[in-house]
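**Student:** Each chain is listed here by its residues.
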Amino acid sequence: MKRVNRNYKVRNFHQAKWDEPIIFELSKRGERGVLVPQAEDEIVDLVGDGVSKIPASMVRKEAPKLPEISQPRVLRHYMRLSQMTLGADVNIEIGQGTCTVKYSPKVNEQLARMPEMTELHPLQHESTVQGILEIMYKTDLYMREISGMDRFTFQPSGGSQAIMTMASVVRAYHKANREADKRDEIITTIYSHPSDAAAPALMGYKIIYIHPDKDGYPDFEAFKAAVSEKTAAFIVANPEDTGVYNKRIKEFTDLVHEKGGLCCYDQANANGLLGVTRAKEAGFDMCFFNLHKTFSTPHGCGGPATGAMGVIKELEKFLPAPLIDFDGENYFLNYEIANSPYAVGKVRLFNGVAPVVLKAYAWIMSLGAQGLYEVAKVAVLNNNYLFKKLMAIDCVDAPYTRGKQRVEQVRYTLEKLTKDTGIKTEDIQRRMMDFGMHYWTSHHPYYVPEPATLEPTETPSKEDIDEYIATLEHIFKEAYENPEIIKTAPHNSVCHRVDESGMDDPKQWAITWRSYLKKSTT
Amino acid sequence: MAIKGYKSHPYIPNSVLEVQKEMLKEIGLNSLEELHAEIPDEIKLKEGINLPKPFQSEYELKRHVEGILSKNKTCKENLNFLGAGCFQHYVPALCDEINSRGEFLTAYGGEPYNDFGRFQALFEYQSLVAELVDMDVVNVPTMDGAQAAATAVRMAARITQRDEVLVPKAMDYEKFLIMKNYCAPDLTLIQVAYNKENGQLDLEDLRKKVSEKTAAIFFENPSFLGFIEENGQEISNIAHDAGALSVVGVDPSSLGVLAPPSQYGADIISGDLQPLGIHMNYGGGQSGFIATRDEEKFVMEFPSRLFGIAPTCVEGEYGFGDVAYDRTSFGHHRHEGKEYVGTQTALWGITAGVYLATMGPKGMYELGKTIMQKSQYAVKRLSEIKGVKGSLFTGVNFKEFVVDFNETGKRVKEINRLLIEKGIFGGKDLSKDFPELGESALYCVTEVHTKEDIDKLVVAIQECVKA
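Protein chains in written order, with our numbering: chain X, -6 to 515; chain G, 574 to 1040.
Everything labelled a hint here was simulated from the structure, so no lab data went into it.
Be careful, since some hints might not be right.
[As the list claims (entries may be wrong)] Lysine to aspartate or glutamate pairs mimicking EDC-like chemistry, simulated, CA-CA at most 16 Å apart:
hint, chain 1, residue 1, chain 2, residue 2
1, G, Lys870, X, Glu102
2, X, Lys54, G, Glu599
3, X, Lys512, G, Asp867
4, X, Lys46, G, Glu803
5, X, Lys240, G, Asp614
6, X, Lys273, G, Glu599
7, X, Lys397, G, Glu607
8, X, Lys381, G, Asp814
9, G, Lys649, G, Glu1012
10, X, Lys455, G, Glu615
11, G, Lys635, X, Glu329
12, G, Lys953, X, Asp497
13, X, Lys397, G, Glu615
14, G, Lys986, X, Glu119
15, G, Lys942, X, Asp38
16, X, Lys252, X, Glu172
17, G, Lys1005, X, Glu172
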């Protein structure tokens, strides 16, 4: 038998395509997926059917039109849907920039799925949850070390909720100082995450954007002009989504402090900085880490997650309650700050997403300080390797700070490719899928024309990165030689190009199956 | 530099020194230390951060974490009667199986071309919840039920252009705080009293407080204290007569037997998915949903992603995509988008979808029925204890009920402490958040509780109040 030739650079891939019906189409009257525990005869003897007591006005008269499906068919349906999903476990996940999609160790997942974690009620007495409290307390201590902040809360269940929480603390702080009325502006940058603007806007703040200077750093002159007695806070990512690190960050934070404002660090892009530099040294009063990004808990299609949020000592009293404390013998939930008249109160039910904190704890304990440093170094090495190789391709460019290093990601532009061939970044996105690769364009609006933001993290090997580059090169070549194959892509995916023309039209959009049935024709 | 103590780290392929050298050479550097040249020296850490020594093997790590977790006492080995927003229901094995699939677990922000299954599973989740609540639009999940309620009333305020929201006094105080923080400074929350006899919303007080400023009347069914709110339609009418919207928070596990709020006038429905096949996870299983009618004025006020079904360029093929994407802060307008959107709780949404598909209409009916029977049994049996009222109020309950210990002369705190010694987690102590109820506790009984469990509770409480 002849051996398979593995010398090709681009993967021969075809995604599983099951032509799987929508779950309602599988319904067969009388089938069911699981049996439910019934009340024992003695209970029935005493209380009857239970449901006759429901007030007439509140009885459900017609059963919900849920599908009726037997267990093996439900399982097969969802297994097929999972096969039609390209998670990071099956993909060289370089293409999702700004999101730090890295390897999530399976042992951590196993630990988080133990009944000692899953079968805990959040209101159990502290004496019965010493294990999880210990893990949350210690993770707080480690986060303090990693950031230089003095206290963390794990209540925010995602980066955007952490940004909202930071804005809430800003509001509480100025309220306590009786400056809330005059400080109504928050400054951010266009290359920070959209939520850095959207969440404080929701909290009632006027948003001021700083645009980049010619080198891609937030324009310091514009910033100076923007900071004033009206400034409540500066909320910024550094590096921003371009991967450019603002070297003058300390001057920015100093200026805000001089004028009495607070400085909040969106550390969604922290992966390349672990053990290298911290929020504290850069002059920030608050920061957050996405545990589902930097600390390697899986992204779960978009949560559950945790935005671990830290503050300096002075701001501790504004944090949402409770915090977790240790009295030398026992771990306990500290509600003391809830008594502060200015405290934020709460941002999420109970105490956040404990299994995510547990996974972050296990990840830190498997790497230690040196390991985290190595993570940052290798993530930056991988990124700059990718950067160097991609910039050598004629149709790829990246604006700003030419010849210098980037941190954990780079926002590239395919403007030249588009000018030369008409192929747009969205077209590349679809074609990449034909080779089993994920490629994200960028957040809107596109300040960088025809953008792609790529972030390798520490997870891929050199070979993986080379494969990703080779795939892109292959597609760029196609763009010049056979653009049609890209325009009509994907060809090896579950579905072909989606017709999005009805997505903004109330007459056509269909957000649920029942709505689709009403709006579609046979 | 190599990681101290490791030749290479299993999570980091390129920690192999030879590979690092090769890659560094490609980018014109000699060592990893030369990376981060863009970070100024003044803010670089001179000494490493101080963390415990890492474990040298996966086995040691596992043993260590298992050791810490073993200090927890679970609701599996103990009998748990706590609810109050997080509920112990049976999680069908299928839910765990699908929830742990690596493809769903590790996917994130892909397009339908690579994440087709994620889009379909979430579209189906939306569709399944839609049937349960009898509404045409459901969002991709929010952080939790409190977030969903807060967003629902903010949506109502945007639609009505008003800034007062009436909320029940008898709601979870923590949920109230979350809503208050989320709605400030734009909206004012005004609490409406509850009827001291039956726990229902006080309609007289409601009529007094509703005005032309009211954007929404928010109420819960079942209420936080477990009652089935009988006057849903009347409350909705009061809202509508005042030009406000009716926003109802609902426990989805009740909807096999209780009428969905859309059938008694609700314009927006919110709730938490945790009861639908999601483990308690120490409160980490919460996940919010919002539902509305399919009207542009409602749809355009959702801040969340809404996955819609769409045709593709090939006839006979379904595709998926974002409906009205520019509503969101991910769209072209950033801070002018509605509220904000980011990572929330999508995996729980998929899991809740698996649950509803597995349960079907019959399962959901039986779930509601068995819960009502078992909780009514518990109320009856507890009432047999001298000095204990199984239910402080006269209304009909679903799943939860307030047990009144005032006449026992014992404090709930003390009773709960004694119960722990017997392997029982007693109900939530209400004395702090509801001082007017004195020594009362919110108990929760679901389908997981057997007659034997409830009888054990009754005997244990009997002993505690005597002690």
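**Student:** Against each hint, give a clear statement of whether it holds in the structure.
**Tutor:** Hints and how they fare:
1. The suggested pairing of Lys870/G with Glu102/X is violated, with an alpha-carbon distance near 42 Å, which exceeds 16 Å.
2. With a C-alpha separation of about 71 Å, the suggested pairing of Lys54/X with Glu599/G is violated against the 16 Å cut-off.
3. Restraint check for Lys512/X and Asp867/G: satisfied, since their Cα atoms lie roughly 11 Å apart, inside the 16 Å limit.
4. Distance check on the hinted pair: Lys46/X and Glu803/G sit about 12 Å apart at the alpha-carbon level, within 16 Å; holds.
5. Among the hinted pairs, Lys240/X with Asp614/G is consistent with the structure: their alpha-carbon atoms are about 10 Å apart, no more than 16 Å.
6. A threshold of 16 Å between alpha carbons decides the hint, and for Lys273/X with Glu599/G the separation of about 34 Å lies outside it, so the pair is violated.
7. For the given pair, Lys397/X sits about 12 Å from Glu607/G by alpha-carbon distance, which is consistent with the 16 Å threshold.
8. Distance hint between Lys381/X and Asp814/G is unfulfilled; the C-alpha atoms sit about 66 Å from each other, more than 16 Å.
9. As the CA atoms of Lys649/G and Glu1012/G are separated by approximately 27 Å, the hinted pair breaks the 16 Å bound.
10. Distance check on the hinted pair: Lys455/X and Glu615/G sit about 32 Å apart at the alpha-carbon level, beyond 16 Å; violated.
11. At most 16 Å may separate the alpha-carbon atoms for a hinted pair to count; Lys635/G and Glu329/X exceed this at roughly 34 Å.
12. Proposed proximity of Lys953/G and Asp497/X is contradicted: the alpha carbons are some 54 Å apart, above 16 Å.
13. Distance check on the hinted pair: Lys397/X and Glu615/G sit about 19 Å apart at the alpha-carbon level, beyond 16 Å; violated.
14. For the hint pairing Lys986/G with Glu119/X, the CA-to-CA distance comes to about 13 Å; that is within 16 Å, so the pair holds.
15. For a cut-off of 16 Å, the pair hint linking Lys942/G to Asp38/X stands: about 14 Å separates their Cα positions.
16. For the suggested pair Lys252/X and Glu172/X, the alpha carbons sit about 12 Å apart, so the restraint of at most 16 Å is met.
17. Note on Lys1005/G and Glu172/X: the hinted pairing is violated, with a Cα-Cα distance of about 32 Å set against a maximum of 16 Å.
Of the numbered hints listed earlier, those contradicted by the structure are 1, 2, 6, 8, 9, 10, 11, 12, 13 and 17.
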